[in-house]
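Visitor: Respectively, the protein sequence lines represent chains A, B, C and D.
Take the first sequence: its letters are residues 0 to 392, numbered as in numbering that gives the first Met the number 0.
Take the second sequence: its letters are residues 0 to 392, numbered as in numbering that gives the first Met the number 0.
Take the third sequence: its letters are residues 0 to 360, numbered as in numbering that gives the first Met the number 0.
Take the fourth sequence: its letters are residues 0 to 360, numbered as in numbering that gives the first Met the number 0.
Just so you know, these hints were derived from the structure itself, not from any lab.
One should not assume that every hint holds.
Quick list of the computed label-pair ranges, beta carbon to beta carbon [claimed, not checked]:
no. : chain 1 : residue 1 : chain 2 : residue 2 : range
1   : D       : Ala212    : C       : Glu291    : 40 to 48 Å
2   : A       : Glu270    : D       : Ser36     : 36 to 44 Å
3   : A       : Asp18     : C       : Ala289    : 46 to 54 Å
4   : A       : Asn275    : D       : Ala139    : 36 to 44 Å
Covered stretches of chain A (chain D as the covering partner; in silico rule of three or more C-beta atoms under 8 Å from a C-beta of chain D) [as the list claims (entries may be wrong)]:
no. : region
5   : 57-68
6   : 121-130
7   : 265-278
8   : 339-353
9   : 360-367
10  : 373-381
Here's a subset of chain B near chain D, in silico, CB distances under 7 Å, partners left out [to be verified]:
no. : residue
11  : Lys115
12  : Asp172
13  : Asn275
14  : Val288
15  : Val296
16  : Gly306
17  : Ala309
18  : Asp312
19  : Pro314
20  : Ala317
21  : Leu380
22  : Leu385
23  : Leu387
24  : Pro388
25  : Asp390
Note that the structure is a prediction, hence the values are computed from the model and not measured.
We treat Cβ as the ideally placed atom computed from N, Cα and C, and that holds for glycine.
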Amino acid sequence: MTGIAEAPGDAAFRTEIRDWLETQLSGDFAGLRGSGGPGREHEQLAERAAWERRLGEAGWIGIGWPDARYGRALSLAQQVIFHEEYARAAAPGRLGHIGEQLLAPTLLAHGSEEQKQRFLPGVGSGEVFWCQGYSEPDAGSDLANVGTRAVLDGDRWVVTGQKIWTSLAHVSDWCFVIARTELGSKRHAGLSFLLLPMDQPGITVRPIVQLTGTSEFNEVFFDGAVAAAGDVVGEAGNGWRVAMSLLGFERGVSTLGQQIGFARELETITERARVNGAADDPVLADRIVSAWVDLQVMRHTALRTLGADAARDAPWAANVSKLLWANWHRRLGELAMAVEGPAAAVTSGLPYELTDEQRLFLFSRADTIYGGSNEVQRNVLAERHLGLPRDRA
Amino acid sequence: MTGIAEAPGDAAFRTEIRDWLETQLSGDFAGLRGSGGPGREHEQLAERAAWERRLGEAGWIGIGWPDARYGRALSLAQQVIFHEEYARAAAPGRLGHIGEQLLAPTLLAHGSEEQKQRFLPGVGSGEVFWCQGYSEPDAGSDLANVGTRAVLDGDRWVVTGQKIWTSLAHVSDWCFVIARTELGSKRHAGLSFLLLPMDQPGITVRPIVQLTGTSEFNEVFFDGAVAAAGDVVGEAGNGWRVAMSLLGFERGVSTLGQQIGFARELETITERARVNGAADDPVLADRIVSAWVDLQVMRHTALRTLGADAARDAPWAANVSKLLWANWHRRLGELAMAVEGPAAAVTSGLPYELTDEQRLFLFSRADTIYGGSNEVQRNVLAERHLGLPRDRA
Amino acid sequence: MDLSLSEEQRDLRDAVRSMLAKAAGSEAVRAAMAAPSGRDDALWRQLTGELGLTGLAVPEELGGAGATFAEVAVVLEEVGAALLAAPYTSTVVVAEVLARFGDAAFLPALVDGAVGALALAEPGDRSWPPRIGCAAARGAEGWLLTGSKAAVPDGGAADVLLVAAVDDRDDALFAVAGDAPGLARVDVPLMDQTRRAADLALDGVPAVRVGGADAAAFARDVAAVAAACEAVGTGRRALERTVDHLRTRVQFGRVLGSFQALRHRAADLFTAVEAAASTARYAAGVVATAPEELPVVAPLAKLVCAQALSDVAAEALQLHGGIAITWEHDAHLWFKRAAHVQHTGGSPEQLRRLLAPAAGL
Amino acid sequence: MDLSLSEEQRDLRDAVRSMLAKAAGSEAVRAAMAAPSGRDDALWRQLTGELGLTGLAVPEELGGAGATFAEVAVVLEEVGAALLAAPYTSTVVVAEVLARFGDAAFLPALVDGAVGALALAEPGDRSWPPRIGCAAARGAEGWLLTGSKAAVPDGGAADVLLVAAVDDRDDALFAVAGDAPGLARVDVPLMDQTRRAADLALDGVPAVRVGGADAAAFARDVAAVAAACEAVGTGRRALERTVDHLRTRVQFGRVLGSFQALRHRAADLFTAVEAAASTARYAAGVVATAPEELPVVAPLAKLVCAQALSDVAAEALQLHGGIAITWEHDAHLWFKRAAHVQHTGGSPEQLRRLLAPAAGL
């Protein structure tokens with residue numbers, strides 16, 4: 000039982016995508032299975048770019064975009080099936096997901112016809128990659144604390160400032176940026192949502208070395224960087240609303256696919272525990288079962304939030320899901336280390352070649368910080384869904 | 000190793016108190032072993048009052064009072080020994096401890112010579128019992144929110160208001176009360192520390208039925224209750240300082256004795272687990288060992304806070320100790336139920352005769368609320384000992 | 000299976016909720032707790048014969064409403080929220096088992112106010128699944144049961160008891176009439192006074208065989224799912240009441256809810272309750288549509304929902320402060336209910352061990 | 000035994016702290032991490048020969064300061080706080096064992112800058128206490144050891160290795176010179192780069208017998224106590240730095256520390272660290288005054304202090320936010336240290352099982 004209502008034809012659709020992935024990932028792209036997941040975003044970039052183009056050619060990008068001129072407007076069930084099969088096949092981490100899942104829905108909701116025509120085909124063909132310029136070094140979780148400024152100078156915006164935690168900035172062609180376009184404006188007012196080409200002298204990308212010793216995120220410096228005057232989405236000054244609607248797109252159909260990836264991670268750890276004797280420790284075995292139990296609960300919660308009446312039944316879905324999966328994944332990293340036992344302290348080799356378990360353990364710490372920290376999720380739940388007062392500033 | 004430095008003579012002192020307790024609790028008071036502990040404060044009141052007089056006769060009350068005219072000014076080590084032996088003998092819960100450990104140190108620090116002479120002998124002889132009127136129904140953890148008023152009318156204070164969570168009010172002869180004696184004063188200002196006889200028409204005691212179905216605490220209603228004009232400790236208007244210094248007396252030497260009681264509770268549960276098979280569940284066994292481990296840690300922490308340089312080394316002692324023991328005892332109640340298994344759901348009999356495990360489980364919930372809730376302890380630690388800002392009102 | 004509540008299910012929920020708000024508020028619960036029967040008989044007649052809530056998932060031809068256990072689950076959450084002191088849960092579990100396995104003889108009565116009870120655990124046994132020692136023997140006119148059962152929920156008042164016993168081959172499930180000869184019942188006093196239970200002594204009690212080990216397992220699993228749904232309702236209500244307290248209670252000159260430490264704890268509890276609710280709802284759906292998943296999903300749901308309720312009930316006491324320690328406040332009722340659910344029907348450790356093979360161990 | 004720090008102990012602490020603040024700050028730690036030896040040789044000479052910190056508890060007649068392990072514990076906390084990349088902990092453990100059991104031959108060198116290491120665990124063994132397979136045989140001129148040891152802390156640089164091996168009767172402890180024939184050492188790369196470890200292969204290595212099973216157990220226990228003291232230091236420093244961050248970092252227009260949810264978490268961590276510190280201090284006192292308590296107190300201290308450090312280090316990452324995930328910030332060094340301590344020298348589960356008899360099980 001998949002748990003989400005399927006229509007006639009969905010089974011055939013599942014077979015189609017499964018067969019296609021099996022063919023591709025046994026052929027030209029056989030080396031890409033398992034590549035590029037969290038903590039491995041730096042791997043095999045050229046091959047993964049080629050993979051994006053292959054996805055685009057085959058029509059697998061934009062399957063959920065509601066406008067049939069650009070995407071395929073498939074049903075929710077079929078989108079879920081795609082993500083499930085993609086995860087099941089261990090197909091590579093997507094280089095194009097920011098364009099496909101964040102930028103495109105934003106343009107479809109707020110962009111001009113000209114913007115849609117200009118930008119969506121490149122995203123859909125897997126040829127143009129986007130990155131996201133939201134967070135700033137001084138802001139932390141406070142997204143409205145935007146210091147990056149953009150000044151209209153004739154037919155172009157001139158952008159100055161700094162963004163941080165920008166995934167994939169070094170491989171992206173374009174960046175969407177929230178910048179302050181009204182001088183002296185504060186907080187949510189006076190912001191605009193701008194589109195900038197990355198390949199220009201005013202933009203410098205500096206990778207952030209993480210606790211793993213690898214780089215997944217970047218700092219992006221804007222020093223007189225330029226966007227065309229027309230490359231503002233929505234209206235100038237209306238950027239906060241555009242940016243926030245985008246955050247809403249981040250959740251949703253990919254959740255069940257993500258959970259298949261989680262299940263694979265847990266299976267690997269469980270298998271390892273059986274082999275190395277950790278599972279003979281009844282207290283560790285109890286923890287392994289707990290992890291499995293909590294994963295089932297996350298799946299049931301995801302199914303509920305994809306139901307027909309979910310908007311009424313589970314308006315808190317995004318916040319609850321984020322808290323659940325981030326905490327679960329972080330605990331999984333701790334469990335992976337416990338299963339390794341004393342071997343958990345030893346890496347695979349010099350200079351600093353981490354084991355899979357160590358990479359999971361370290362990298363999963365970011366899960367509860369980025370994309371809305373645990374603290375932000377709890378604030379939102381308390382204030383918006385429980386009706387408790389806001390903290391007094 | 001007791002862990003706290005003992006002097007020559009301390010071993011003999013330990014033998015003396017141990018022998019005395021053994022004699023008493025095998026003789027007239029044999030029925031009092033284990034009586035009157037937390038959750039059993041309502042038991043055997045007449046016998047326990049007699050026991051207090053016996054303690055007084057033998058000179059075991061006020062052993063730590065620093066003024067040798069009233070108490071015995073014994074060393075810290077000897078006070079600890081007394082409390083340890085008292086707990087080890089399962090001697091009954093004290094009816095006189097509020098007078099001995101709270102009122103008397105307050106009088107010794109802030110009282111007039113006349114007050115000391117009038118009140119301390121009755122406490123020391125075990126004949127006069129005291130209760131404490133601090134908390135009020137609308138105040139919760141906010142002790143400074145005092146609504147009880149006292150107005151000076153000639154040679155007497157007339158007191159109106161309500162106190163709550165007053166232990167032993169129904170058996171007490173006197174009550175010390177914080178009341179607002181300056182009209183219109185706010186918070187900590189304008190309060191006085193008054194001494195009232197309980198046997199007067201203006202005072203009504205109403206027991207609070209607790210979740211156990213028994214009564215440990217009371218509401219005390221003051222409706223034109225009277226205190227002599229001179230029965231204010233410190234000065235009128237200075238009650239907050241007097242009251243707060245009293246809170247400091249609550250901690251200290253009795254901690255190691257309390258932990259002996261805890262150890263006995265844990266031993267009973269562990270023994271029960273061995274007998275009923277719960278200990279064969281390795282996950283439950285792991286929890287039992289955890290409880291034992293945490294009890295050792297509490298003991299080491301208590302020893303540290305009784306050290307010679309504790310004031311510098313552990314100024315946070317009262318708050319850390321309260322958090323540790325309250326949370327530990329609450330978890331012990333949960334563990335007791337888990338060890339019982341399905342039998343945990345069934346009481347000993349009608350109308351509502353709880354088992355020891357159920358009483359512990361239910362009554363220990365109060366531990367993290369009364370005497371400075373967990374939340375208050377955390378606030379104090381954060382603000383006073385970590386230097387973090389106060390919450391903005 | 001759509002796990003979001005449909006409009007019809009929301010209507011059902013709202014109707015039951017408003018009815019119980021009127022008829023089964025805190026005072027009514029306390030009156031029922033004090034009554035020897037442990038229930039309000041008039042309310043029980045209203046819930047059953049009048050509204051047909053015990054027959055929701057019973058086929059229409061047997062007098063029921065022909066809905067599914069998913070709709071029963073909606074009612075169970077409300078029953079749990081109200082801490083309804085009535086044998087609703089036991090009765091719908093028995094009805095579901097009989098609708099699937101039994102001959103239909105008992106069902107019309109159960110729809111119409113008769114009480115059902117499921118008797119699994121036996122005295123002195125703390126294992127889970129329980130070891131069945133009760134013996135079923137073939138007599139001249141049918142099966143006869145001999146043995147004993149411990150703390151059977153609603154066993155004292157039950158008109159129909161489903162009893163797990165060992166027949167000549169394996170565990171099996173039998174139906175026994177409440178007034179059957181050879182059956183002795185003794186009420187057992189519970190810490191959770193909103194519940195009733197009885198020890199059973201069976202001495203050659205005539206019984207009808209409902210099914211084999213699969214029926215006994217199905218009954219155990221449906222009972223676990225029902226307990227899970229009920230626990231979700233109690234937990235959600237306890238949290239709502241706690242949040243109300245945080246919104247209104249003033250301390251240190253401000254409402255408690257303005258303290259972020261308390262807000263964050265409430266948010267974590269909300270997450271736990273709604274996640275557990277999703278699992279309970281999935282499990283209820285499985286009863287109707289995919290019973291082959293029950294051996295995994297039922298203990299999973301019981302485990303998760305009992306834990307969520309325990310967490311909420313414990314924090315409800317702490318966040319309410321001193322008032323929660325008094326008999327008058329409902330917090331101790333939630334707390335005792337939580338302990339009851341947690342410690343009966345398999346401990347968390349036992350349920351996880353039961354799930355170990357599903358988890359790959 | 001007085002567990003509050005005396006004035007002399009506070010002076011010692013302050014002196015070591017200010018010295019390490021100058022010589023072993025974050026940049027120095029990172030330089031040592033990158034160095035093949037894993038340490039700053041000049042600093043090591045200063046700590047040992049110059050200041051005599053490895054000889055604190057060594058008798059004066061052997062060149063030490065004649066204090067006790069309680070004073071070593073004071074230094075260990077500071078060493079842990081600084082994440083000092085140097086073989087201090089290994090060396091003082093070896094010195095303590097030799098002072099108690101050994102002939103005194105090696106001690107003057109250890110006071111003067113030689114490095115000690117304790118070799119217990121063997122490849123592929125995840126049990127605790129570790130199973131000893133290494134064999135000790137009597138040769139013509141004394142004992143010869145054969146076998147292998149896994150990830151011996153500071154084993155690569157050690158001048159004196161204490162090696163647990165089985166002699167003709169039981170587990171025993173032997174001393175081996177770092178340059179002994181037949182000893183091969185291979186560096187093992189660690190996730191915690193402030194530490195160094197080596198695998199040992201022993202092929203008929205000449206050795207001096209230090210003592211029997213009691214010496215091996217004493218060595219294991221002192222190592223556990225030392226690890227506990229060091230972990231307390233790291234945890235306390237990580238918490239101090241986190242509290243500093245909360246006091247100064249502004250978000251949403253206010254300092255983070257003004258959010259009560261964060262303050263309460265800091266208070267709980269403070270409680271955990273100081274409680275663990277009490278146990279570490281008690282254990283250090285026991286080394287000197289009541290070694291018969293060590294078999295219980297040592298695993299207890301390691302268990303409790305490793306857990307406190309793990310809790311603090313995990314929350315330090317979360318409370319620092321994004322910056323803590325970067326290589327430049329020290330948060331990941333605390334976190335990796337915590338994992339190292341937690342997963343070596345016995346897992347929490349193993350240590351609790353070891354303590355079960357003491358707990359009455």
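Visitor: Hint numbers the structure violates, sorted upward?
Guide: 1, 3, 5, 6, 11, 12, 13, 19, 20
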